[in-house]
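Q: Sequence:
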Amino acid sequence: MEDEQMVTTASEGSKKPSKLLTVLAVVFLVLVGGYLFMNRGKSKVQKPQNTQNQVQQVSEKPANQVIVSDYSAGDTVTVAVALLASPGFAVVHEDAQGEPGDVIGVSEPLQAGEFVDVLVALDNPVVEGDSVHVVLHGDNGDLTFIEKDDQPLTDDEGSLVVSSYLVGAGE
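Heads up, the sequence shown is in the UniProt record's numbering, so the first residue is 1 and it goes up one at a time.
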């Protein structure tokens, strides 16, 4: 009889560790499942610092810019885009050995901001083959263009804001 009690006791002793392992395994699975559930959808990729500043830097436009896209001959020039940091004018210059020469047309006064399709009447029509330079000039505050008083504007790097082209090119 004593042998039977020992066998039973030995059998019950071996069941206790397996119950303990089962309980620990269930607790572990519940904890892991809870962790995964709580962190679902969260990315492990770190977001860069100062995201707002990076977006602003990308979306900022240069302070002064001029773009001409119509290279037609005629008595007007259309400035596709004029972007001015301060009030000024879009001024059309004849070519003087690859540089802006005499003024042949001036836009109406432009406030600071972005302007599209600015029409500039020319004193002398341009013909196919002419080189032309459209330069942004600042206004001294009198809303009248006077070349010696209303100086050419520069971009962020200090370069002249100019769009030079050959009349008739690209047509």
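Misleading hints may appear alongside valid ones.
[To be verified] Just the calculated beta-carbon pair ranges, DEER-fashion:
1. 114 <-> 36: 16 to 26 Å
2. 74 <-> 109: 52 to 62 Å
3. 109 <-> 168: 44 to 54 Å
4. 158 <-> 112: 14 to 24 Å
5. 63 <-> 33: 17 to 27 Å
6. 38 <-> 117: 25 to 35 Å
7. 99 <-> 67: 18 to 28 Å
8. 63 <-> 34: 49 to 59 Å
9. 36 <-> 112: 54 to 64 Å
10. 67 <-> 127: 18 to 28 Å
11. 157 <-> 35: 51 to 61 Å
[Unchecked claim] Result set (SDA-like, lysine to any residue): computed pairs, CA atoms no more than 20 Å apart in a straight line:
12. 148 <-> 115
13. 148 <-> 159
14. 148 <-> 103
15. 19 <-> 38
16. 148 <-> 116
17. 148 <-> 70
18. 148 <-> 113
19. 148 <-> 138
20. 148 <-> 108
21. 148 <-> 73
22. 148 <-> 72
23. 19 <-> 35
24. 148 <-> 95
25. 148 <-> 165
26. 148 <-> 87
27. 148 <-> 81
The hints are simulated quantities; they were obtained by calculation from the structure and are not laboratory data. Glycine residues also receive a C-beta, built at the ideal position from the N, C-alpha and C atoms.
Q: Now tell me, hint by hint, if it's right for this structure.
A: Hints, one by one, checked against the model:
1. 114 <-> 36: 16 to 26 Å: 51 Å, violated
2. 74 <-> 109: 52 to 62 Å: 23 Å, violated
3. 109 <-> 168: 44 to 54 Å: For residue 168 against residue 109, whose Cβ atoms are near 30 Å apart, the range 44 to 54 Å is violated.
4. 158 <-> 112: 14 to 24 Å: 19 Å, holds
5. 63 <-> 33: 17 to 27 Å: Roughly 57 Å apart at Cβ, these two residues miss the hinted range, so it is violated.
6. 38 <-> 117: 25 to 35 Å: 56 Å, violated
7. 99 <-> 67: 18 to 28 Å: Holds - the Cβ-Cβ distance for residue 99 and residue 67, about 19 Å, lies within 18 to 28 Å.
8. 63 <-> 34: 49 to 59 Å: 55 Å, holds
9. 36 <-> 112: 54 to 64 Å: Because 55 Å falls inside the window, the suggested range holds.
10. 67 <-> 127: 18 to 28 Å: At roughly 22 Å between Cβ atoms, residue 127 and residue 67 fall inside 18 to 28 Å, so the hint holds.
11. 157 <-> 35: 51 to 61 Å: 53 Å, holds
12. 148 <-> 115: 24 Å, violated
13. 148 <-> 159: 19 Å, holds
14. 148 <-> 103: 12 Å, holds
15. 19 <-> 38: Violated, because 28 Å separates the two Cα atoms, which is more than 20 Å.
16. 148 <-> 116: 26 Å, violated
17. 148 <-> 70: At roughly 28 Å apart (the allowed maximum being 20 Å), residue 70 and residue 148 break the hint.
18. 148 <-> 113: 23 Å, violated
19. 148 <-> 138: 11 Å, holds
20. 148 <-> 108: 17 Å, holds
21. 148 <-> 73: 28 Å, violated
22. 148 <-> 72: 29 Å, violated
23. 19 <-> 35: 24 Å, violated
24. 148 <-> 95: 18 Å, holds
25. 148 <-> 165: Violated: residue 148 and residue 165 sit about 24 Å apart, past 20 Å.
26. 148 <-> 87: Holds, at about 16 Å.
27. 148 <-> 81: 25 Å, violated
Hint check: violations occur at hints 1, 2, 3, 5, 6, 12, 15, 16, 17, 18, 21, 22, 23, 25 and 27; the rest are consistent with the structure.
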